[in-house]
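Those sequence lines, one after another, are chains A and B.
Just so you know, we're using the working numbering here: the first sequence kicks off at 1 and counts up by one.
Just so you know, we're using the working numbering here: the second sequence kicks off at 1 and counts up by one.
One should not assume that every hint holds.
Short, incomplete list of chain A residues facing chain B, as computed with Cβ under 8 Å [as the list claims (entries may be wrong)]: (1) M13; (2) F26; (3) A110; (4) I199; (5) L362; (6) E444; (7) A448; (8) C474.
Straight-line distance between alpha carbons at most 16 Å, and here's what the computed EDC-like set of lysine to aspartate or glutamate pairs gives [said to hold, decoys possible]: (9) K54(B) with D212(B); (10) K202(B) with D255(A); (11) K174(B) with E363(A).
Because the hints were derived from the structure by calculation, they are not lab data.
Glycine included, every Cβ here is placed at the ideal spot set by N, Cα and C.
If you want the building blocks of each chain, they are given just below.
Number of protein chains: 2
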Amino acid sequence: MKRYEDKAWKDSMRVRVDFNNMMSEFVGENGIKLEEIESMRSEISRAVKGMEQKRSNMRWRELPFNQTEIVTELKATAQHIRNNFEYFVVLGIGGSALGPIAVHQALTHARYNELPDEKRNGPKFYVEDNVDPEKISALFDVIDIKKTMFNIITKSGNTSETVSQMLFVFDILKKTVGDDWTKHVIATTDASKGSLRLIADKYSIKTFIVPDGVGGRFSELCPVGLLAASVCGIDIDELLAGAAYMDEICTETADIMQNPAYISAVLEVIAMRKGKNISVFMPYCDALKYMADWYAQLWAESLGKRYDNEGNEVFVGQTPVKALGVTDQHSQIQLYTEGPNDKVVTFLEVENYRKTVEIPSLEMFDELHDVNFLSGHTFNELIGHECFSTEYALVQSGRMSKNIVFNEVNAFTVGQFLCLLELQTAFAGELLNINAFDQPGVEEGKKATYALLERPGYDEKRKELEMMPKKKDCYIA
Amino acid sequence: MKRYEDKAWKDSMRVRVDFNNMMSEFVGENGIKLEEIESMRSEISRAVKGMEQKRSNMRWRELPFNQTEIVTELKATAQHIRNNFEYFVVLGIGGSALGPIAVHQALTHARYNELPDEKRNGPKFYVEDNVDPEKISALFDVIDIKKTMFNIITKSGNTSETVSQMLFVFDILKKTVGDDWTKHVIATTDASKGSLRLIADKYSIKTFIVPDGVGGRFSELCPVGLLAASVCGIDIDELLAGAAYMDEICTETADIMQNPAYISAVLEVIAMRKGKNISVFMPYCDALKYMADWYAQLWAESLGKRYDNEGNEVFVGQTPVKALGVTDQHSQIQLYTEGPNDKVVTFLEVENYRKTVEIPSLEMFDELHDVNFLSGHTFNELIGHECFSTEYALVQSGRMSKNIVFNEVNAFTVGQFLCLLELQTAFAGELLNINAFDQPGVEEGKKATYALLERPGYDEKRKELEMMPKKKDCYIA
Chain A
1 MKRYEDKAWK DSMRVRVDFN NMMSEFVGEN GIKLEEIESM RSEISRAVKG
51 MEQKRSNMRW RELPFNQTEI VTELKATAQH IRNNFEYFVV LGIGGSALGP
101 IAVHQALTHA RYNELPDEKR NGPKFYVEDN VDPEKISALF DVIDIKKTMF
151 NIITKSGNTS ETVSQMLFVF DILKKTVGDD WTKHVIATTD ASKGSLRLIA
201 DKYSIKTFIV PDGVGGRFSE LCPVGLLAAS VCGIDIDELL AGAAYMDEIC
251 TETADIMQNP AYISAVLEVI AMRKGKNISV FMPYCDALKY MADWYAQLWA
301 ESLGKRYDNE GNEVFVGQTP VKALGVTDQH SQIQLYTEGP NDKVVTFLEV
351 ENYRKTVEIP SLEMFDELHD VNFLSGHTFN ELIGHECFST EYALVQSGRM
401 SKNIVFNEVN AFTVGQFLCL LELQTAFAGE LLNINAFDQP GVEEGKKATY
451 ALLERPGYDE KRKELEMMPK KKDCYIA
Chain B
1 MKRYEDKAWK DSMRVRVDFN NMMSEFVGEN GIKLEEIESM RSEISRAVKG
51 MEQKRSNMRW RELPFNQTEI VTELKATAQH IRNNFEYFVV LGIGGSALGP
101 IAVHQALTHA RYNELPDEKR NGPKFYVEDN VDPEKISALF DVIDIKKTMF
151 NIITKSGNTS ETVSQMLFVF DILKKTVGDD WTKHVIATTD ASKGSLRLIA
201 DKYSIKTFIV PDGVGGRFSE LCPVGLLAAS VCGIDIDELL AGAAYMDEIC
251 TETADIMQNP AYISAVLEVI AMRKGKNISV FMPYCDALKY MADWYAQLWA
301 ESLGKRYDNE GNEVFVGQTP VKALGVTDQH SQIQLYTEGP NDKVVTFLEV
351 ENYRKTVEIP SLEMFDELHD VNFLSGHTFN ELIGHECFST EYALVQSGRM
401 SKNIVFNEVN AFTVGQFLCL LELQTAFAGE LLNINAFDQP GVEEGKKATY
451 ALLERPGYDE KRKELEMMPK KKDCYIA
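Chain A extracted, bound-state conformation (with noise of 0.2 Å):
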């Protein structure tokens, strides 16, 4: 039996919203009354069956039940790539990259890539997510081609960034393995169309498929995430379940203050309407950084709107913040406690840490009151009581924050987590009664592009760019 297949071990890793500091019994005037979560309650029952109504066209929400097929191969694919390759490197930018970084930042070794191959478990991992010549070239220095995969990431086949990548590792590729080049290449993308699976169909290049109905910050839990997290040893079986387990929490729950998901965008929505524009999420664990990064995609693109359903410009959102405990401590809490009181704060709270690192006692430390009683403790005892110190300063500055808990950082709680946010995001936006699935106002700078780069048929762009004000020397210092 798998240890996610026990009822008990599944309960024991239930990760949960501690909202305390929310609300105004514990942070003060600032905080939110029971009676304001009440008086939603119309709009609450609206936005729960807006979810129950939609269900079926939010895709991304079947993944953990209806991939069986889908994971078999992936695991196949993977360790078929363990066997015969050195290097896995993925191309893709926005949810193409952002979900992959994130789940093997929490669930693989810290400096991974940088262990001696006999304890690395799967080959070396990099995600290409800008188009920096300088940055794209350093790729190169560091990896050798023939021991490569390479991962094609992009839905519609036709993302600027992600096919120039492709033009430039096909070139290369041919180059340097001849007509095996194709072995070396692992496309990710829609089922029918694009020019990525056009080339993919042409030249019998292996895919997987993006299901329609999951766009790309919904896509972590499909072939976009699965199969880097099945390169690199993580137990995709286990992330599903984990993401199962939470679908389930937040759709039986019909108590608003018992489920996780909605009563975290109840909340943020109020205290958006409070003035609160920011959003600062903050892992106190290393292993949770770039979850901050995948969030912030998420709440940004999916509740930045211009317009509600109903076509009234609202210019909606809450701009999303990354930070880390306890570095951060030293780089942002003088603003949060002191500053203008216009964020929410969202620790990731860690209970039990993989290691346990001892502060040892030194004897040429005994007289230094500085620093010896610091000795006898542990690291994890350190970060956990920072964590709580910052929530309290917090508080005691009459700010408002949660803690998203984890018992502990492994593949069920992350594939928890993944749910427990794309839940939230979602019904924030039946909340908010816009279409948090869709992203209209990246069109304008993707035009703007294609006339610079002089693409055929945006001449009408091009002229208008060069309409401009003339902006040349005019406010420059």
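Got chain A; can you put chain B on it based on the hints?
Structure of chain B alone, referenced to chain A:
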């Protein structure tokens, strides 16, 4: 002659601030009018005087000019380390970590630690700026302690996180290399105070001094940052020459519109008064990615203040947000263009990358119009056009932005940049009439941590913590 002794080269490398898109002429009614700058004339004069009068206290301003002897010693020490050690580990947090990380990322190979030894210009480099037990233990899986030099950086000599790490490292060193342990340690700390100073003097550990009047977040250009930079092969003379060049520009330029540090501060303060409580920092360059982290500390801790200099409650400050172009176009730009108009974006723009990489043309894509328009361009063009297009999209939606423009990323331009931002921050502090150099808001959390660790003398705080409302199982989902 060094290139930074050539005036023509220096002027060609001048870092400039393009603030057209802060102004209403370019960005429309949400922008700043010249009259608004004009109406701050007396505030600006007061701030300019403040900078002059306080110059002798701002001793970080002298660092580009008064370190000739120290730099000679730093370079000799760095050479010793390069000759004798394979790993160089900084133990430090906040200002003792963010500068060294940012400068390393800017001025060494993008995948420095993974380069083969013969291609790497110095020992492998690590900065340990957290107390996460998993992260700490991971370091010792990848370094060989017998070949490691540790640089312990804490100005006070008593920073809990850093001295905990120090205890751990001293213990391992003593067990591994015995009496030679002191040869594996360099202490960067106060000249006379603190536990680290006491121990260093007692055991004849090599030290460098963090000068008086140089606070953590203003310390990159003293031995805090310079040793690590020199160890990794960075030209610290050129770095300091760049800072000196910018300091002179910002000191000698009487016209506020031509003073890059001062005009930037004025514009940000006006924006803050218009409700822009968020400052996004978005380098279009992987090498400058961690400059956003360095800036985030500088801006947040310096300006996030409860009281002004007269003791009035002001709760002032602007929250820094770290972004990366083009990557975060696929994560944050939807929010920036369509969400609340509550932010100013600062782009770091690079005119000449240190590599040029072409996007190749491949016959197989000839008919694919979503791909083939990219062929024949370079990644340099692509990232440059995307930067401009994002700027353009923000202008179209009436959002303010400005660009800090680098001709190229090199030690001279990075030195300028560091100085520019430090001066901008100090000047903004003067405009806001606050103390930009303290951080009283972090004390509360520190005391709570001491109390929880049962440090003698913190019984009162411990009682206070025990008196807090019991939150167990109160609001948890």
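Quick rundown of the hints versus the structure:
1. For M13(A), the suggested interface contact is broken, since its CB lies about 15 Å from the closest CB of chain B, more than 8 Å.
2. With its C-beta approaching chain B no nearer than about 6 Å, F26(A) sits inside the 8 Å limit, and its interface hint holds.
3. The criterion of a C-beta within 8 Å of any C-beta in chain B is met by A110(A), whose closest approach is roughly 4 Å, and the hint holds.
4. For I199(A), the interface hint holds, since its Cβ comes within 8 Å of a Cβ in chain B; the closest pair sits about 6 Å apart.
5. Nearest Cβ of chain B to the Cβ of L362(A): about 6 Å, under the 8 Å cut. The hint holds.
6. For the restraint placing E444(A) at the interface with chain B, the shortest Cβ-Cβ distance is roughly 4 Å, inside the 8 Å limit, so the hint holds.
7. This hint holds: A448(A) has a C-beta 4 Å from the nearest C-beta of chain B, less than the 8 Å allowed.
8. Taken as an interface hint, C474(A) checks out: its beta carbon lies about 5 Å from the nearest beta carbon of chain B, inside 8 Å.
9. Distance restraint check for K54(B) and D212(B): the Cα-Cα separation of roughly 14 Å lies within the 16 Å cut-off, and the hinted pair is therefore satisfied.
10. For the suggested pair K202(B) and D255(A), the alpha carbons sit about 63 Å apart, so the restraint of at most 16 Å is broken.
11. Annotation: proposed proximity of K174(B) to E363(A) holds, straight-line Cα distance about 12 Å (limit 16 Å).
Consistency note: the structure conflicts with the earlier hints numbered 1 and 10.
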